[in-house]
Every structure is written in structure tokens, then in C-alpha cells.
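**Student:** Read off the chains here:
Number of protein chains: 2
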Amino acid sequence: MGIPTLEEVARAAGVSRATASRVVNGSLTVGIEARQSVERAIAESGYVPNRAARSLRTRRSDSVGVVIAEPTGRVFGDPFFAEVLRGISAGLAARQLHLVLVMSQTPEEERWAEGYLTSGGHVDGVILFSLHGDDPLPDHLQSRGIPVVVGGEPPERARVSYVDNDNHGGAVAAVKHLIDQGRTTIATITGPLDMPAGVTRRQAYRDALRAAGRTPDEDLEEGGEFTREGGQLAMEALLRRCPDIDAVFAASDLMAAGALSALYAAGRSVPEDVAIVGFDDSLIALSTQPPLSSVRQSMEVMGRELVSVLLQSIDARDHVVRRVVLETKLIVRQSSGGPPTGND
Amino acid sequence: MGIPTLEEVARAAGVSRATASRVVNGSLTVGIEARQSVERAIAESGYVPNRAARSLRTRRSDSVGVVIAEPTGRVFGDPFFAEVLRGISAGLAARQLHLVLVMSQTPEEERWAEGYLTSGGHVDGVILFSLHGDDPLPDHLQSRGIPVVVGGEPPERARVSYVDNDNHGGAVAAVKHLIDQGRTTIATITGPLDMPAGVTRRQAYRDALRAAGRTPDEDLEEGGEFTREGGQLAMEALLRRCPDIDAVFAASDLMAAGALSALYAAGRSVPEDVAIVGFDDSLIALSTQPPLSSVRQSMEVMGRELVSVLLQSIDARDHVVRRVVLETKLIVRQSSGGPPTGND
DNA sequence: GTCGATCGTGAGAACGTTCTCACGACGCGA
DNA sequence: TCGCGTCGTGAGAACGTTCTCACGATCGAC
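In order, the protein sequence lines correspond to chains U and V.
Just so we're aligned, residue 48 is where the first sequence starts under the numbering used here, counting upward by one.
Just so we're aligned, residue 48 is where the second sequence starts under the numbering used here, counting upward by one.
Calculated from the structure, these hints are not laboratory results.
Only a predicted model underlies this, so the values are computations on that prediction, with no experimental measurement involved.
C-beta atoms are modelled at their ideal positions from N, C-alpha and C, and glycine is treated no differently.
To give an idea of the interface, some chain U residues facing chain V are shown, with a C-beta separation under 8 Å as derived from the structure:
no., residue
1, Val95
2, Asn97
3, Arg133
4, Ser166
5, His169
Please model the complete structure; the sequences and the hints are all you need to start from.
**Tutor:** Have a look at this one:
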């Protein structure tokens, strides 16, 4: 007697297979004593439902595809992504769902992934990370009838569900904070402008300045990759153009850390000469000297939320576009004049 | 007529279901014309085998669990891990296998993962990354009869298959190179010593010194996390203790980059005053100023190799311990006196 | 005290594969 | 010509679930 089956559980409990199945699936229409004896039989035998048989019958795979349609380096430099993945992993595990990871870097691989995801019922739905704006994958999947939710802001034209952080609100809060600190010449280091998050954060920077009656100046904006090096190079360029900068809003912590190096190399002190605020509130923010003020966003919550939205779409079988925007919160630390211990 | 089944393909081809199945599975004992007409029917209908039905019958899940049993930050700071994952992903995709990702950070989650992986036939085998030495998971899985292969060097006592890079050989080459450059006071920044890779690279550093007739000096060793900050702090400590250091072997590129910052902050020039060699040859090595010499190891190859070893174990159904050690290669760039353009 | 509704239960048919067997056709040596 | 192995094929039974029906029992209402 190898792996116990439902049949055996039922026999041990003295009920039919159907009733045993009902107990396993938590049906309400089963008598108290039948339920108990089945539960006992399950516990004694260590019964676990056979996933394949269940899938065959229900026409559900009970698994969710997570697609990373990007060059590896771009996605993984930041711990950002790992945290989302963790949230997704936890969210799916809680519902006994498989996480099937699909990584596609080249267009060829992306086509393969598309075929894989749309045929054979391999997954019940897809969570997609596509950081560049022109990816056709979400549209394609959706038109083949498979539920999709995108992590982060999707390209404008795509009518697709997504979960995103409140990039605009967070960035506005950061810049407003710098203004409130009495800073006069506030620069920004933007992320890549082919990513929606990069564009949105820059827009928020401008909006916050205008809201305070100031006029954004393109000389005070400099872009780069979401990396430490990108931040460092951008900061150097900014200092060359505008030596009188007294505050910087960087679109990521990694960039802010790079900017910090450039500032020190140029002999500026932080926050005395230049105040700086980052974005993400990742571990990096705490490990710099001084600790970085940053906009907090919980990527793990984002992961869980992605799962929750996807399951809604799957269960409802509708084509409703669901949008979730997660709150962000400014955390003030020493790099922009917060107290030495840092709050929180 | 929804999704085409084997039955329908068979009917369209004018053969029995059994023969159609044989064609799908590449059996040799099927006549040429029957084969061709089945193939045509498959192409026309776009038939894809139903995974659940197949699994039910064959008692195989056709999926492989990839377990990351570590705190997220530790694993993902480095692009290291993403690359391995990519290799695994590609290797599995080529064989039409699912990649099921399991992330467990707490002991509680690890127990859950263990139950999940050992029961219900969810996966045919497991690829495991457990960076701290005392993880019982590989042993547990193995004793439950499920094939396991570990990425990186496993704890000593575990009799388990693994794929690892030649950490020792690579590190020896790095240190020997520094000696050949005429450096006299060669320090090392080690990784965490609860990770086998950290220990091995330090041991190799000592061995290389002894092989050159020198005596290792513990004052010239300083450890830290595999992060930029860890490298920076370690370098600062080393400089404080031994200001006359003229070369450093760092156990990772990230640490080397951190060391670079510390060296500049202390007014040393690289490679004139201090030569430095990293490990991993990741993208980071090319983005520092000057570019880092480093020990190259292809994590993507490691991923593919992990898949290949695991499949061997699954197919053979034996308990043979398989070990694969992948070649590493020293790449000399400017940071240790290589030519300005860098080779390769 | 009868009639319908409700509730718990069981019998049995799917779901789409793979795989064991058995069967006919064919080639070849005796 | 007979017998025997080989080769391609098909019929049909699994694999372990879920789910539709149908059936008997219990109960409240008239």
C-alpha cells in the first residue's frame, strides 16, 4: 500500500468516495459524524489529494505563471524584485497554488513563453513583470482568454489589471518634504524614462515643484539606469551643471546611494550642504552613511496583492480590469535632516 | 469543439488513440505513414497533450521544485542568483518541465516546504539552494526518497549530489596572479564563514600563499557579508590594521566594489598602490572604475548543469551521489594591472 | 396522517492519457 | 507448406479525482 487514495480513506471511514471528497473540499452538506470519521482517516493515513487527478477532472491547473520578461540584470540588481516574488510565493502557498516561474529575455523566448502559457492549460492565470512599455505579452495573453495581472504600471494603451505603488504620491511627498526643509535648488535623478515608474516619479517631482509655486528646470533633471553607477554618474553631471544644488530626489535607493558617493567625492556634506531622499526604502537605505530618507513601499504586500487580484479575475471569469494602487509613505532619516537615530 | 484531445487527433488521422499516443511520445514502433498522418493531424488541430492526464497515468508530475531556503536579501543582493535561476529555467524549458519556485525564510516555512515537496507527488525532484551549512532540508528530502541536487557546496556531512564552481581553483589562480605581479602584502576579504563558498575561498587564499612559500597572516583576513557594504567595512578594517597592504583578493565582486570605495576614500590608487581581484565576474566587475579583475564562473551554466544532474538522478532512480565541479577562469583587467581596454 | 421540501449520502460516469495485451500480417528458415 | 518470430496496430483497462443524479430519511405544514 503506497500512497493512500481517496478510495482508501473512504473505506477506512466507512463512507463513500463521494462523501470523503466532500470532506476534503470542505463541502457544507456533510453530516457531523461522517465528517469526523473521514477527518480521522485522513489524519491516520496521511492522505494528500492527487493533484493530477484533481486537475484532470476540474480542468484547472491550480498553478499560476509568473513571467519575468526582462533581461536578468535589469530586474535583479535591486532586491526590489526578490521581495515581490516572495510576496507572491507566500500568497500562492497560502492557497495551495503552484508558482511556475517563466523567464524570457529574448523575443524568441517570449514567443515560446506565450505559447506555453496559452496552450495546454498549464496555468490558470499569469502574473507579469514587464518593465519596458511596449511589451505585447499582456495583450496577447488576455486576448487568448487567460487572466493576467501586471506588477507595476502597465503601458498606457493596455487594458489590463495591475497592482502598482503610488509612485506619484510618494514622490510628491518626498519633494514637498525637501521644500519644507527650506531647500531652494532641488534636483532629481530620474530612472530610465522607458519605464513607467521612471516617468511617473519625474512627473511627480515637477508637479510638486509647481504646486509650491516653483518652475521645474530641466537642467536639474538627470536620468540613468536604476543602479548605483547610474546614480553616481547622474549626480556628477548635475553638480557640473548646477554646483549650487542643495537637495536631490533620487528615483531609487540604489541611485541615491550612488549620488551620495558622488557628493562626498565632490566634497559636499549630507545633509548639511545637500539633502537627499531616495525611493523604495530598501535595506540599502539603512546601510548608507548617513541613513537615507526614502519613500517606503512594501514589495511583499505588492506580491500578495497581485495574487489576490489575479485570483479574483480567475474566479469571476470576467474581463473586468482591476487596478490597485498601494500606499507609499515617506520615511525621514538623517540624509534629509531627520534625527540621528532615524525614526521607525 | 474546444481543446483538441488525443482521441480527436487519432480520429482525424484514421488511427487508434494508442497509435496517436505513440507518435506523440516518439515511439519507434510506428509505421511511417501512420506517423505522418498523425503528425499532420496534430499540426492542423494544434493539439497539445493534457499535462494532468499524463501525470495521472505516468505518476510523474513533470515539474521540478527550486527551493530557496534563505533570507531574501542574502540571496538576491547579488545578480548571482538570478543568473542561476535563468539557467535552470532554460534547462527545464528545453525538456518541457515546470519550474516550481518555493521560497522559505523561516523554519516554519521550511517545514511547510518540506511537507509540500515530499507529499502528493508535487515535484519529481528538487534543486536546492541553501547557503548556510546546517540546513537539514537536503537530508530530509533525500531520506523521503526524492531526488535532490544542491547548487553550490553542500554541508560536509550531507551525502547529496551537487554542482559547484571550482572556488578553490579560481581563488588560488587569483592570489597566484597577485603574487606574480610582485605584490608583497596580499590581504583577503572573505565572505561569511558560515557559507562553504566563503570558507573555501579563504582556504584557497591561504593555500596559494603557502604554495609560494609565504606564511598566511590572520591580520590580513577580514570577513563580512557578500555585500558592497561588507566589502567596504572590511577594507577599512584592513587598512587600519595593515596600512602597507598592496593587494586584495575579495571573495565577491560586490565586496571588491565596496573595497574600491574604501581604498579611494583612504587616498590609495588602484592598481598602482593596491591591486584588487574580485570573484564572480558579474556585470559589476565591468562597471567599476577601474574595471575589476575577477574569477569568472558562469552561473547560467551552473543552472543548466543542475538540471542535467537532477534529471540523471530522476531517470536512474538510484541514490548515487553525483558531483560536478565547474571550471573557473581568472579574467585580468585594470584593477590588477591588466591592459586599459581589458581583455575579453 | 399524508405530502412536498430538505438534507445527507452513494453509485457511477466522466476527465485525457499511457500501457499492457492480444491479434493479424508478414518474412523467413525448415 | 507449415511454424515461428517480428512488427505494427487496436481494444480496453487503469490512474484518482469531482460532480451529477437519484434515492431514502427526516421534518414541518396542512
